[in-house]
Each structure stands twice: as structure tokens, then as C-alpha cells.
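**Student:** Below, each chain spelled out in residue letters.
Number of protein chains: 2
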Amino acid sequence: MEPCRAGKRSIRFRDPPSILAAAAIGGKKESEGPLAGYFDYCSTETKFGQETWEKAENKMQELALDAARYKANLRNENIDVLLAGDLLDQCIGSSFPLRGTGLSFLGLYGACSTMAEALLLAAVLVDGGYARIAAAVTSSHFAGAERQYRFPLVYGGQRTPTAQWTVTGAGCMLLGRQEQGPFIETATIGQVVDLGIKDAANMGAAMAPAAYATIRAHLDDLQRTPDDYDVIVTGDLGKLGSELLCELFRRDGVEIAEKHKDCGCLIYDAERQDAHMGGSGCGCSATTLCGYFMKKLQAGKYRNLLFCATGALLSPLSTQQGESIPGICHAVSITSERRQ
Amino acid sequence: MEPCRAGKRSIRFRDPPSILAAAAIGGKKESEGPLAGYFDYCSTETKFGQETWEKAENKMQELALDAARYKANLRNENIDVLLAGDLLDQCIGSSFPLRGTGLSFLGLYGACSTMAEALLLAAVLVDGGYARIAAAVTSSHFAGAERQYRFPLVYGGQRTPTAQWTVTGAGCMLLGRQEQGPFIETATIGQVVDLGIKDAANMGAAMAPAAYATIRAHLDDLQRTPDDYDVIVTGDLGKLGSELLCELFRRDGVEIAEKHKDCGCLIYDAERQDAHMGGSGCGCSATTLCGYFMKKLQAGKYRNLLFCATGALLSPLSTQQGESIPGICHAVSITSERRQ
Numbered sequence: 001m002e003p004c005r006a007g008k009r010s011i012r013f014r015d016p017p018s019i020l021a022a023a024a025i026g027g028k029k030e031s032e033g034p035l036a037g038y039f040d041y042c043s044t045e046t047k048f049g050q051e052t053w054e055k056a057e058n059k060m061q062e063l064a065l066d067a068a069r070y071k072a073n074l075r076n077e078n079i080d081v082l083l084a085g086d087l088l089d090q091c092i093g094s095s096f097p098l099r100g101t102g103l104s105f106l107g108l109y110g111a112c113s114t115m116a117e118a119l120l121l122a123a124v125l126v127d128g129g130y131a132r133i134a135a136a137v138t139s140s141h142f143a144g145a146e147r148q149y150r151f152p153l154v155y156g157g158q159r160t161p162t163a164q165w166t167v168t169g170a171g172c173m174l175l176g177r178q179e180q181g182p183f184i185e186t187a188t189i190g191q192v193v194d195l196g197i198k199d200a201a202n203m204g205a206a207m208a209p210a211a212y213a214t215i216r217a218h219l220d221d222l223q224r225t226p227d228d229y230d231v232i233v234t235g236d237l238g239k240l241g242s243e244l245l246c247e248l249f250r251r252d253g254v255e256i257a258e259k260h261k262d263c264g265c266l267i268y269d270a271e272r273q274d275a276h277m278g279g280s281g282c283g284c285s286a287t288t289l290c291g292y293f294m295k296k297l298q299a300g301k302y303r304n305l306l307f308c309a310t311g312a313l314l315s316p317l318s319t320q321q322g323e324s325i326p327g328i329c330h331a332v333s334i335t336s337e338r339r340q
Numbered sequence: 001m002e003p004c005r006a007g008k009r010s011i012r013f014r015d016p017p018s019i020l021a022a023a024a025i026g027g028k029k030e031s032e033g034p035l036a037g038y039f040d041y042c043s044t045e046t047k048f049g050q051e052t053w054e055k056a057e058n059k060m061q062e063l064a065l066d067a068a069r070y071k072a073n074l075r076n077e078n079i080d081v082l083l084a085g086d087l088l089d090q091c092i093g094s095s096f097p098l099r100g101t102g103l104s105f106l107g108l109y110g111a112c113s114t115m116a117e118a119l120l121l122a123a124v125l126v127d128g129g130y131a132r133i134a135a136a137v138t139s140s141h142f143a144g145a146e147r148q149y150r151f152p153l154v155y156g157g158q159r160t161p162t163a164q165w166t167v168t169g170a171g172c173m174l175l176g177r178q179e180q181g182p183f184i185e186t187a188t189i190g191q192v193v194d195l196g197i198k199d200a201a202n203m204g205a206a207m208a209p210a211a212y213a214t215i216r217a218h219l220d221d222l223q224r225t226p227d228d229y230d231v232i233v234t235g236d237l238g239k240l241g242s243e244l245l246c247e248l249f250r251r252d253g254v255e256i257a258e259k260h261k262d263c264g265c266l267i268y269d270a271e272r273q274d275a276h277m278g279g280s281g282c283g284c285s286a287t288t289l290c291g292y293f294m295k296k297l298q299a300g301k302y303r304n305l306l307f308c309a310t311g312a313l314l315s316p317l318s319t320q321q322g323e324s325i326p327g328i329c330h331a332v333s334i335t336s337e338r339r340q
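Those protein sequences? They're chains A and B, same order as listed.
The numbers in the working numbering rise by one with no breaks, and the one at position 50 of the first sequence is 50.
The numbers in the working numbering rise by one with no breaks, and the one at position 116 of the second sequence is 116.
If we strip away everything but chain A, and leave its shape as in the complex, we get (with noise of 0.2 Å):
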């Protein structure tokens, strides 16, 4: 078979697979920001109805998967193969909600870069003939990370300047075949780069560069520039993490700021909603694209749109023990129609 690798690290689709239906729930903070209306479904509170928080992230997942197949019209047994991932120890936000479903499951971790990997490899499993229908799943919550990666919620911590807010979401992407788009045209996998950053707290400064990186690879590979995008989406770099890559673009003779989005700045109001420097977690950028920028594809406000979803692949453990936070970031462009 024909190769299909552009450059050194990334994928142009022989027959780009289509996005037959996208969906995006969110809580209750979620429901109360500038991108409330590109949900499917908000909870009014925390819990989704679940004993825990955790419960609470496979009902997401669950009513991710449930809405994107409602409006695709297929049922569970359509679906040849899922890949998700999420922040919990063990992944267990996908893994639990598939008990019982009957799917093909392949667990993914990304960080918060989650959700362009598994589209990434959807896209490659049905380009490839190896799926016929593949979701790609992925979600976060703001309150079960805060007490795994941080401090417990009771105690009240104070958050620093360069802090983050996780999101409290999930979002679901169905590919396959149809005439219609938006297609996934072409991916570029990510490297793991660490520039030594160990705050924690100043997550979009240790993903950055990966991000930069990633997006220069892209560039290289398929010997594109930001022009050949209407949009360019980071996944959670915040308000300083996307100020960085910006000026690592800048270093390049490069300027991205007029194409560059950041869904982490787009899903909460910096002015009414105390995130601090903006969203994060697998559900930020998952969220976003799957509930926003899917609506704005189908309306033709874009036609062109590379997302690349940043991760940080620290654990509580690796900073206790003094390590560096490594980043990694992947990308998928997507595109309203066939390119030609």
C-alpha cells in the first residue's frame, strides 16, 4: 500500500474520514460561560446526579457518547471501535462507563492532549479500513482533579496567578464515511518536550513549546503556513501559554496571533469567572471543539482548522520527586470540505 506519511512526523488521509456527528456536555460553570449555548447538555450541578465526582465523569462520557450517536442515528453496536482517555488515575472516567456497552475499547493517555490523539487514531483506523465507525471520547472535571493533582476542594487553598481551571466536561466525536464533511484531513503525532518548567500551577508555560513544535512539524511537514488555516486551536495553554507560543511563532519571523484560539481562553468569561489565566483538562479542548468550532465547520464560518490539544504529563508524583513537567501536544486539521 501507497505510504501516506508527510514529513517526519505527520499523516495525510488517503480518503479523509468524515465527522458524522460531534457532541459536548458540560457542567455547571461551563453552563454559565460565554460557549453555554454550543453545549448538548449542562448539569445544574456538580455531580450529574452520581455519589461521587468520578461517577460523575462516566455519566459525561456516558451522555457524550449518547448524544453523538442520537444525532448520527446509530447505536452502540454501529461502532466498530471507541478510544478515550481522561486525567483520573487509571483512566477510569472511560473505562468504567463502557461496562456492559459491548464496544472495542482502547485506552488512551494524553494528558489533556487526549482528545487530538484519539482522533487522530480514529482517523487512522478508519482511513485505513481497519473501523468503520470510530468515537473518540474524552472528558474532565474540575473537582476530582483539583483533589487528585492538587489540594483538596475543603481546604480552601488559594490559587496562584498562572493557575488554571479544569473543565468540567466531555465531548464525543463519531468518524466515518459520508459525501458530507467536516473530514479530517491530515494529523502530525507529538513529541514529549520539556524545557524544564516545574510550577505545577503554570501549566500553559510547560505545554507551550510543545505546542510550538508540534504546529512547526505541521508547518514543515505539509510545507504549509498559518494562511492555509482560518483558525489555529490550541487546546489549553491559557492566556500565557498562548502568549508564548505566539512569541516562539514571533522568534520564527512568524505571526499567528490573528489565526491562534486557545479554547481554554474561549469557554470562560475572564472577566466574570475567576478562572485565572482560563480552562484546562481533557474536557477544555474536547468540549470546544466538539460543541463550538463543530458548529461554526457546519456553518462555514471555517473551513479550514487545525486543533492541536496540549498536554502536561506530570503526576503529583513526578513533582514531589523535583522532575520538570513535560508537554505534548497533537494535532488534527479539519476541513469543511475536500481539499482538493
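There's no promise every hint is true.
[Stated by the list, open to error] 30 Å max Cα-Cα, derived BS3-like pairs, lysine-lysine:
id, chain 1, residue 1, chain 2, residue 2
1, A, Lys295, A, Lys28
2, B, Lys47, A, Lys198
3, B, Lys295, A, Lys47
4, B, Lys239, B, Lys28
5, B, Lys8, A, Lys71
6, A, Lys8, B, Lys71
7, A, Lys198, A, Lys261
8, B, Lys28, B, Lys295
Think of the hints as simulated: they come from the structure by calculation, not from any bench.
Given the structure of chain A, go ahead and fit chain B onto it with the hints provided.
**Tutor:** Positioned in the frame of chain A, the structure of chain B alone reads:
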């Protein structure tokens, strides 16, 4: 492109990727067991010269990749993508050693099923022309796993009779294209199976139904019987889980006991090494496949092998919240020559 699916969960590779090289790294206990001679390197102490057990795990993954690369005469630049995962929270065993390597990285979480999941996806990427050479890597460390999942070692807790011993080890396989085998011929993606086992010290029982489901699906999808294999290898069911697996097949009127071997039962000496039900952990199936079975395949002792790595998808938190233990099992078949 022609689809290459078989049945509900399986893939039949169009042009089966070759295993270019494999390497197994082990700890001290592993160097004293019956498979000692099949490791490429064993440490005489538990930390591999590092400061912490977690950094020792990083070191093992690094050594496994280096040893496999050395055998295949490849540099990091020749590897298009590396797929890896491990048991540590946020998979820090896999991501940290990749800093500075420039390798494109896809992180996985499949608990102890990770080696099969990584091989499956690596084979998809090579078969489909998305990567020329792909690496599959995983590891586990007894001391790190005990501290994280159970008790600090210094607590000196009594181990229950159904407990297994997490293998200290790492395995790496490199897939690519060459005339010579062994080849990754088919793969079956697992589903999450949970029959309600809640005892986190009895993983074998929790994983056996998942192994049964995947092997059953594999045989059905490809219209095969156990006789089509010289050996059916499970990851770390241990003594109890292995008996349960054979019993589940007996209910179908199928006897697999003569074909079945479990890495957890092979890696330690039941009489001498006090591992209770046997070995477990990502490193258990990875080292046994990359060391012992790889050499048996190369020597022609086995020609057709079904590798079924099993994982228990629990977390300490899920157990604390009273949840039962979901299991998963992914399978790849390995042939020493191309099947007609």
C-alpha cells in the same frame, strides 16, 4: 481501500508487519526466575542506579528501547512513532524517558494489557503505511506498583493467597517491513468486561472473563479453533485466573488447557519464589513475550502464537468507592512465516 476487518472485533492485516527486534529488561527477582536466560539485561538491584523506583522504571523503558534498537541496528530517527504506557499514575513511566529523544509518541493506558494494545496499534500504523517503523514499549515495577496500588513496602503487610507479584521489567518490540518474520498477522480489540469481582487482591479472577471474551471473539471472527495455534499466551491471569479461563472454555466444549500458557505462571518459580498466584503487571507479559516467546518463535519452536495481554482497569480510588474491577484483554496473533 479494501477494509481488512474480520468479524466484529478483529483485524486481518493486509501485509503483516514484521517484528524487527524485541528486547526484555528485568529486575533482580526476575533474574532469579526460570526465564532469567531470556532477558537482555537484568539489574542486580531494584533501582537500576536511579534515585527512585519511578525513575528506575524510566530507565528500564530506555534500556528496552535501546536494546531493541541495537539489535535492529536502528537509531531513534528511524522510528516514526513510539506507543507506550505503564501502570504509574499519569503513565509517567512511559513519557518521562522520551524527553529529549525527539520520538513521536502516542501514550496508551490499558493496564497490564498495554503490550498487546501497543502492538495492535503499531501494527495498524505500519500495515496501513502511516509509519515505517513503530515501537511498542511498556513496563512495570514491583515496588512502585505496591506503593501506588496497595501499601508502602515498609508497612510489611501480609499478602493474600490470591495476590500476584508485579513484575519489575520492561519490554520493547520494533515493527516494520522486512522479508523475515515473525509477523503480526491479526489483532482483536478487547471490550470492558466486569462480572462484579471486588477483591483488588484477586486480579486473575477479575481478568479471566475479559480474556475469555477476547479469545472467543478472536476465534469466532477469524473462524479459527485453538488448534490453529501452537500456543495461546495470556498476560497475567496467574494460576487462579488461568484455571478460570480454561473452565470458561470448557463450558463451550472447548479444551484450551494444553495450548494455554500464562506469562504470570511462567516468569517465577512457584516453589522457590513465593509469588503466590504468579507474576502480573505490564512488564510481565511484555518481558515474557519480548524475551522468552520471541526466542521460541525465532527458534521455530512455535510457529503460530496468540498473544492475549490482560488488564484490570481498577484504580485505588475506584476500589475505595466500592466499584468492582473491569477487565480488558487485547490479542495479536504472531506467525513465524506468512500464512497462506
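**Student:** Would you mind confirming whether the straight-line C-alpha gap from Lys295/A to Lys28/A stays at or under 30 Å?
**Tutor:** holds (21 Å)
**Student:** Take a quick look at whether Lys28/B and Lys295/B sit within 30 Å of each other, Cα to Cα.
**Tutor:** Holds, at about 21 Å.
**Student:** Please verify whether Lys8/A and Lys71/B have alpha carbons no more than 30 Å apart.
**Tutor:** Judged against 30 Å, a Cα distance of about 23 Å means the pair holds.
**Student:** Given the proposed pairing of Lys198/A with Lys261/A, does the C-alpha separation stay at or below 30 Å?
**Tutor:** holds (25 Å)
**Student:** Given the hint that Lys47/B pairs with Lys198/A, test it: the Cα-Cα distance must not exceed 30 Å.
**Tutor:** Roughly 24 Å separates the two Cα atoms, so the pair holds.
**Student:** Compare the distance between the alpha carbons of Lys295/B and Lys47/A with 30 Å, and conclude whether the hinted pair is satisfied.
**Tutor:** violated (52 Å)
**Student:** Given the proposed pairing of Lys239/B with Lys28/B, does the C-alpha separation stay at or below 30 Å?
**Tutor:** Since the Cα atoms of Lys239/B and Lys28/B sit roughly 22 Å apart, the hinted pair holds (cutoff 30 Å).
**Student:** Lys8/B and Lys71/A were given as a pair; does the straight-line alpha-carbon distance stay at or below 30 Å?
**Tutor:** holds (23 Å)
Hint check: a violation occurs at hint 3 only; the rest are consistent with the structure.
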